[in-house]
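Work the whole structure out from these sequences, hints included.
From first to last, the protein sequence lines are chains A and B.
So the first sequence is residues 0 to 407, counted in numbering that gives the first Met the number 0.
So the second sequence is residues 0 to 436, counted in numbering that gives the first Met the number 0.
One should not assume that every hint holds.
Said to hold, decoys possible - Within a straight-line C-alpha distance of at most 20 angstroms, the following computed EDC-like cross-link-like pairs (lysine to aspartate or glutamate) qualify:
1) A/LYS252 to A/ASP104
2) A/LYS264 to B/GLU203
3) B/LYS260 to B/ASP292
4) A/LYS109 to B/GLU159
5) B/LYS163 to B/ASP113
6) A/LYS252 to A/ASP51
7) B/LYS118 to A/GLU69
8) A/LYS264 to A/ASP104
9) B/LYS163 to A/ASP263
10) B/LYS118 to A/ASP51
11) B/LYS207 to A/GLU274
12) B/LYS207 to B/GLU159
13) B/LYS75 to A/ASP104
I should point out that these hints are in silico values taken from the structure, not numbers from a laboratory.
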Amino acid sequence: MEILPILSAMRRNKVGAVLVAMQMALTLAILCNALFIIQQRLESSARPSGTDEANVLAISNQWVGNPPDESALEQSDLAALRALPGVIDATVTNAYPLTNSGWGDGVDLKPNQHESTAHMARYFADDHSIAAMGLTLTAGRNFRAEEVVDHERNENTVPSALIMSRALALQLFPAGDALGKVVFTSGNKTQGSTIIGIVDRLQAPWVGNGSWAADWVENSVLEPFRYVAQSSYYLVRTQPGQLAAVRHAAHRKLFEIHRARVLDKEQSLTEARYEVYRDDRGLALILGVVCVILLAITAFGIVGLTSYWVAQRRRQIGIRRALGATRGAIVRYFQTENLMIAITGAAVGIVLAISLNLWMVSSFEQHRLHAAYPIIGAVMVLLLGQLAVFWPALRAASIPPALATRSV
Amino acid sequence: MFNYYFGLALRSLRRNPVLTLLMVVTIGVGIGASMTTLTVFRAMDADPLPHKSRQLFVPQIDNWGPSEHNAESADKLEDQLSYIDAVALMRAHAAPHQMASYATLFALTPANSDLMPFKAEGRATFTDFFSMFDVPFQYGGPWGSAEDESHTPVVVINQELNRKLFGGANSVGRSINLDDHDYRIIGVLAAWNPMPRFYDLTNENFAKTAQVFLPFTVAIERQMGSWGNTNCTNRNDGGWQGLLDSNCVWIQFWVELPTPKAVNDYRVWLNNYATEQQRNGRFNWPAHTKLRDLRDWLSYEHVVSDETRILVLVSFSFLLVCILNAMGLMLAKFMGRAADIGVRRALGASRSAILAQCLIEAGVVGLAGGLLGVVLTVLGLWALRGVLSEQILELTNLDPAGVGIALLLAIAATIVAGLYPTWRAAHVQPAWQLKAQ
Chain A
0 MEILPILSAM RRNKVGAVLV AMQMALTLAI LCNALFIIQQ RLESSARPSG TDEANVLAIS
60 NQWVGNPPDE SALEQSDLAA LRALPGVIDA TVTNAYPLTN SGWGDGVDLK PNQHESTAHM
120 ARYFADDHSI AAMGLTLTAG RNFRAEEVVD HERNENTVPS ALIMSRALAL QLFPAGDALG
180 KVVFTSGNKT QGSTIIGIVD RLQAPWVGNG SWAADWVENS VLEPFRYVAQ SSYYLVRTQP
240 GQLAAVRHAA HRKLFEIHRA RVLDKEQSLT EARYEVYRDD RGLALILGVV CVILLAITAF
300 GIVGLTSYWV AQRRRQIGIR RALGATRGAI VRYFQTENLM IAITGAAVGI VLAISLNLWM
360 VSSFEQHRLH AAYPIIGAVM VLLLGQLAVF WPALRAASIP PALATRSV
Chain B
0 MFNYYFGLAL RSLRRNPVLT LLMVVTIGVG IGASMTTLTV FRAMDADPLP HKSRQLFVPQ
60 IDNWGPSEHN AESADKLEDQ LSYIDAVALM RAHAAPHQMA SYATLFALTP ANSDLMPFKA
120 EGRATFTDFF SMFDVPFQYG GPWGSAEDES HTPVVVINQE LNRKLFGGAN SVGRSINLDD
180 HDYRIIGVLA AWNPMPRFYD LTNENFAKTA QVFLPFTVAI ERQMGSWGNT NCTNRNDGGW
240 QGLLDSNCVW IQFWVELPTP KAVNDYRVWL NNYATEQQRN GRFNWPAHTK LRDLRDWLSY
300 EHVVSDETRI LVLVSFSFLL VCILNAMGLM LAKFMGRAAD IGVRRALGAS RSAILAQCLI
360 EAGVVGLAGG LLGVVLTVLG LWALRGVLSE QILELTNLDP AGVGIALLLA IAATIVAGLY
420 PTWRAAHVQP AWQLKAQ
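Shown next, in the form of structure tokens:
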């Protein structure tokens, strides 16, 4: 290799080489942090909620005023929804996944415990909920109809029984023997609730990046309560492919039963997922576009500067050719030169990338950079340099040896 | 002289169109990316009440005890008050103006029975809300403290709702039906949509303002639940009265303190209030209170989203790459003309003349890049609106100040990028260049 002559040539062109190296370092730092954020956001927005999202329809129902027979009205709504063709089951609840809005609580292992053992989301449920949400009961049993009681908004009844997500069960009882155990929901000092069932998976409603539930997003419980309030949600699970028809029929049916109400957010959980992760997808997309433009800009910069170097050294290249250097040797010269600059840039870039990430960890909801990213970034930057330099190097190689004899 | 250099710059740029285009695009893309994010950042970080933001304060009281707060509230304070404290602070009247408020949601039944009921966002508050926040009225005006005290069912509606229900006509004196109760309209707001919606940052920072305002006392009497966040430490006795008697926090509270002395007095008063609660046994921990003004409150509540901050950071690093890139290209360009410069120097041009000529050339590239950047910023904002959900993006446009910043930033960036290449060009040795010919 011709490292020494390259070094001595570079010494005559320090600034140009430093500029390219710095640009590559910054490109690497931005690139691997951006790719890391993209991967994180896409990964978190792909987490399953545990429900049969494509076939669950949610309807927000709000009564006008407080009809005196709210509970009975709700029961006739549910009976009508369950009777619609294409419906598997229906239930009423206080909150549902993928909405960033709901009820949370702490859960304790002992009465009068000072600090909660775990956090969890609370979903009000009846004996139809598991079917209506499409959850998978992996252990224990479902609620029985007689266990389910009415629960108003500002009421604080302690649930007699609980069905919880497996993640929460394991956090409370790492040995895996949660079933049948008694736990205490926070603030409730004496009366316990028995764990009667475990569902494979059920996400809390708060799934946003940096939400308060970020550390316990898989922790949820179903409580045997029928939510009787001015504003509540119906969840309706349909046969595959029937959701659009059911949405239409349910809307008409509910207004037939009682006109003085507002129906809102009649959406499938797939639509709720699309909405709730909009910003994560948006950020990933924007960062992706920025990465592509960044690579293009850096590549064109290298092409431009190398072309200039080639133009500057036309005579020297001609002389080298006249003295017997092959075309390949000239191309190799520029490729090696760029490789040396790029390696320097990549080394600086890795340090920059890690510091940028550390700074983001301290100021944003951001994780530590995975070690693979700086390496991927470095490889990309090195390849980019080699590709960008190839065309000017070919042009240099095509300089005829005769040039050496012409103008000196 | 300037005109001459300008002409030279144009000619020189035209001689090397690919390199010139590359420089202009580089600067343009860098400016476009950074100005897009900066525009969003400026909109989010805006002061919604510039002339009053240092006179409006949020009091915070630790009514839970130091060990009860979530890990998120590092300062062991919640951002809302309990009903008990909100009412006590209203009664004490320790500031010239103060008011408690909370969000609620109505089902509004239009008088025309052909129309379906719809949801209307409400805000329960006191008369001082309107004067403290300089809320503009189109018709009528706010209710007074008499209505607050007598629990009179009056409402102020916003312009949008007035248009929807009354076609924009003066509706003062008419009534609307909210959840089966009639309310008399006492005032109609003119357009008012402060962004960020500073007075309630518990759910969405850039949500629209409420459609219906009504006296807090009426809302409490009629047991209208909060449509914002309610945070509790202990389960209370249940029911509406249980909520009112509990330490659950769900009410936003603001005070207006016009002078530094008033601020100081209120701070002392607030701490005394908490100490008194400790003395009478309600709190069994030392008083812990805080008084933050509007500006501090916005940063305390992290109004500017992490997404925006990340994008600003990435886009300005990107601009830096673009500047380095332009610097390299300009170096190539100027040094490619070393021979010309040598001739000019030999013919008597001074170093400063070469310097001026090169800088003007850089400035022209900067201006062109800036113009391209402005176009790209408009496109960028449009694209952000398509992929991000923040409501504020709908209202975010590149204002004249933004265009100015973009152009200045572009020219400054290019001149910074051009400084070293220019310096190199000005130090070309005429003799050397002439000899090399």
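Checked hints:
no.: 1; hint: A/LYS252 to A/ASP104; result: violated (35 angstroms)
no.: 2; hint: A/LYS264 to B/GLU203; result: holds (18 angstroms)
no.: 3; hint: B/LYS260 to B/ASP292; result: holds (14 angstroms)
no.: 4; hint: A/LYS109 to B/GLU159; result: violated (53 angstroms)
no.: 5; hint: B/LYS163 to B/ASP113; result: holds (14 angstroms)
no.: 6; hint: A/LYS252 to A/ASP51; result: violated (23 angstroms)
no.: 7; hint: B/LYS118 to A/GLU69; result: holds (18 angstroms)
no.: 8; hint: A/LYS264 to A/ASP104; result: violated (25 angstroms)
no.: 9; hint: B/LYS163 to A/ASP263; result: holds (18 angstroms)
no.: 10; hint: B/LYS118 to A/ASP51; result: violated (29 angstroms)
no.: 11; hint: B/LYS207 to A/GLU274; result: holds (19 angstroms)
no.: 12; hint: B/LYS207 to B/GLU159; result: holds (11 angstroms)
no.: 13; hint: B/LYS75 to A/ASP104; result: holds (18 angstroms)
Going down the numbered hints, you'll see the structure goes against 1, 4, 6, 8 and 10, while the others check out.
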